[in-house]
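Chemist: Spelled out, the chains give:
Protein chains: 2
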Amino acid sequence: MLGSILAEKRNENNKFFLFVVDNYFKGKELAKRIPVKPEDELMFIDVDPYEPTTEQIDSIRDTILKKKGLPAGVIGIGGGSIMDIAKAVSLMFTNEGSSTLYQGLNLIKKRGIYHLGVPTISGTGAECSMTAVLTGPVKKLGLKCDWTVFDQVVLDPDLLATVPQDWWFYTGMDTYIHCIESETGRFKNAFSHAYAEESLKLCKDVFINEGCGKNAENDEKLMIASLMGGLSLTYSEVGVCHALSYGLSKILGTRHCYANCLAFNHLEDYYGDSVQEFKQMLKKHNIALPQNLSKDWTDKQITDMAEVAYNLPHMWNHAIGENWKEKITIDLIKGLYERL
Amino acid sequence: MLGSILAEKRNENNKFFLFVVDNYFKGKELAKRIPVKPEDELMFIDVDPYEPTTEQIDSIRDTILKKKGLPAGVIGIGGGSIMDIAKAVSLMFTNEGSSTLYQGLNLIKKRGIYHLGVPTISGTGAECSMTAVLTGPVKKLGLKCDWTVFDQVVLDPDLLATVPQDWWFYTGMDTYIHCIESETGRFKNAFSHAYAEESLKLCKDVFINEGCGKNAENDEKLMIASLMGGLSLTYSEVGVCHALSYGLSKILGTRHCYANCLAFNHLEDYYGDSVQEFKQMLKKHNIALPQNLSKDWTDKQITDMAEVAYNLPHMWNHAIGENWKEKITIDLIKGLYERL
Numbered sequence: 010m011l012g013s014i015l016a017e018k019r020n021e022n023n024k025f026f027l028f029v030v031d032n033y034f035k036g037k038e039l040a041k042r043i044p045v046k047p048e049d050e051l052m053f054i055d056v057d058p059y060e061p062t063t064e065q066i067d068s069i070r071d072t073i074l075k076k077k078g079l080p081a082g083v084i085g086i087g088g089g090s091i092m093d094i095a096k097a098v099s100l101m102f103t104n105e106g107s108s109t110l111y112q113g114l115n116l117i118k119k120r121g122i123y124h125l126g127v128p129t130i131s132g133t134g135a136e137c138s139m140t141a142v143l144t145g146p147v148k149k150l151g152l153k154c155d156w157t158v159f160d161q162v163v164l165d166p167d168l169l170a171t172v173p174q175d176w177w178f179y180t181g182m183d184t185y186i187h188c189i190e191s192e193t194g195r196f197k198n199a200f201s202h203a204y205a206e207e208s209l210k211l212c213k214d215v216f217i218n219e220g221c222g223k224n225a226e227n228d229e230k231l232m233i234a235s236l237m238g239g240l241s242l243t244y245s246e247v248g249v250c251h252a253l254s255y256g257l258s259k260i261l262g263t264r265h266c267y268a269n270c271l272a273f274n275h276l277e278d279y280y281g282d283s284v285q286e287f288k289q290m291l292k293k294h295n296i297a298l299p300q301n302l303s304k305d306w307t308d309k310q311i312t313d314m315a316e317v318a319y320n321l322p323h324m325w326n327h328a329i330g331e332n333w334k335e336k337i338t339i340d341l342i343k344g345l346y347e348r349l
Numbered sequence: 010m011l012g013s014i015l016a017e018k019r020n021e022n023n024k025f026f027l028f029v030v031d032n033y034f035k036g037k038e039l040a041k042r043i044p045v046k047p048e049d050e051l052m053f054i055d056v057d058p059y060e061p062t063t064e065q066i067d068s069i070r071d072t073i074l075k076k077k078g079l080p081a082g083v084i085g086i087g088g089g090s091i092m093d094i095a096k097a098v099s100l101m102f103t104n105e106g107s108s109t110l111y112q113g114l115n116l117i118k119k120r121g122i123y124h125l126g127v128p129t130i131s132g133t134g135a136e137c138s139m140t141a142v143l144t145g146p147v148k149k150l151g152l153k154c155d156w157t158v159f160d161q162v163v164l165d166p167d168l169l170a171t172v173p174q175d176w177w178f179y180t181g182m183d184t185y186i187h188c189i190e191s192e193t194g195r196f197k198n199a200f201s202h203a204y205a206e207e208s209l210k211l212c213k214d215v216f217i218n219e220g221c222g223k224n225a226e227n228d229e230k231l232m233i234a235s236l237m238g239g240l241s242l243t244y245s246e247v248g249v250c251h252a253l254s255y256g257l258s259k260i261l262g263t264r265h266c267y268a269n270c271l272a273f274n275h276l277e278d279y280y281g282d283s284v285q286e287f288k289q290m291l292k293k294h295n296i297a298l299p300q301n302l303s304k305d306w307t308d309k310q311i312t313d314m315a316e317v318a319y320n321l322p323h324m325w326n327h328a329i330g331e332n333w334k335e336k337i338t339i340d341l342i343k344g345l346y347e348r349l
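First to last, the sequence lines map onto chains F and X. Just remember that the working numbering sits 9 ahead of the position in the first sequence, which is counted from 1. Just remember that the working numbering sits 9 ahead of the position in the second sequence, which is counted from 1.
Simulated from the structure, these hints should not be mistaken for lab results. Treat the hints with care, as some may be off.
Each pair may be met inside one copy or between any two copies, as identical chains are not told apart.
To be verified - Listed next, the in silico BS3-like pairs over lysine-lysine satisfying Cα-Cα at most 25 Å (straight line): (1) Lys197 to Lys213; (2) Lys118 to Lys24; (3) Lys24 to Lys41; (4) Lys119 to Lys153; (5) Lys309 to Lys77; (6) Lys77 to Lys35; (7) Lys223 to Lys197; (8) Lys153 to Lys197; (9) Lys292 to Lys223; (10) Lys18 to Lys119; (11) Lys213 to Lys292.
Could you put the whole structure together from the sequences, leaning on the hints where they help?
Modeler: Right, dumping it as structure tokens:
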């Protein structure tokens, strides 16, 4: 359907689309099905070496503007990183200067250009969230505002068919963790709760209930779980696990969903029963997370990670309470990292 | 929060807002809290005599355009009828001619002006649906397109506090019926199912589970149930009950949610267990629906209603199947009305 959806939007601006597609699909069947016209720009992006950076976004924007001017829209086809690249580039096409200027809540000045997302792996919620998380020279923080949200999203569970088992698990756990964190904190509300409740039910069908495992029906369920988990956290907040995970990604470059799993596995003090359930899911799907990672980290690295995590006050405020600074210190966070 | 939300939008078009507010609130506390500025237009509309009509929408549009030109936006504060009036007027400000020209799917030519909804009773899903149902000289059918959807919605469960018990029940049952119909038909899918499943859970908390009844916590749940039920039907379809209900409204002027209850009560052939559960909910909340209504209707009225219902092929197609014309006849539908 993508071709017909885009046909209506082609006449905007300089009348071409920018497609940003996960490099994983280069030369694969999916790539041949992308409705690219001769005037369009198709970029395959390898998201494996690092998560999206402010420099990368600025560079894509500048390259395209110089080559062809303003596109009619940006189409992202891939996982959470590609979703975030598409969302961020759409905003940066209309907001001047470096994207580092806009990392935070409601700092973006102008509506971006049209952007549409086609997720090919489910769990991050990036297809529906109002943030595009970028790693900059100083911080890992999103361009977060109403305009970040995609104008349209195409959900096709068949696209999940070729996801490798381990990434299916890690990415799916991102939405499980979104729900657990959204539910256990002070910003929980009737809206975020309803979304988390249904998303968790779907996650359990996919990962632990009878009939669990990777198959077509569960791919469909996971796609909806991801969407609902993303909406739950959008109206509530994430917590301790995401704070630690951001530190791992910023300092060590660990991929977001995997970093979440590494951290969540050791957060029984905060998310008791859910961590037990998480361990059961690990076992059920034969996923072995590495242990004693911290013995290879320097004290400087651990301190740096703890500082990144500490500087996410909205997460601690949600998870611990307004007086979180009385309970959470850099040393306590270092202790959490040392468990890994 | 309404004042600050609207402040950002005030500079569009002729820089005033049109507020359409349920007449029920005239002189009441809520009316004093509406952030109306001197340049704005505030219309209290009595939705009791009839459901929104095409003539009414055209007249509001023409009156405002003549008096003040194009508003910055339309704000609807009220129940399903007010929501639909706000949505329809927003579209008709930019689409020429009578709204009768646009009753149907994707007939609207241009995006409407900014519109925001503040529901004060929950269940219809009009706050999130992509249709604005209007009764015209020929048909009862919505202006249905992506642009119909509100740009923003403010959900405040405190506004439900003064809803009378009977209308709380009838309107709440609209969302219950949306979910049952969305679930039992061929357009059901993983997306519509997830929304219906959670919405039904919330409806049961509000209307039948331990702790049910009208209170602040359940008002919050019903507000979310309405939203999710509306999203479920938007991505699936309604069925037999809504088809019959449209006939009752079009020919006899029966209010939508009440008409749904009258019809659903006699649809055990189609929605067996759910009709049983509905009857339990009626009993639990001491709601007595009138019986033997049809003995006061002429054959002409019954035939006219059956024709209105028959001419909603998308509902029958969903509920009965593509070959619905082999199974559903005007006479069969007349028989259903005669049960009432």
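Chemist: Honestly, which of those hints from before does the structure not fit?
Modeler: 5
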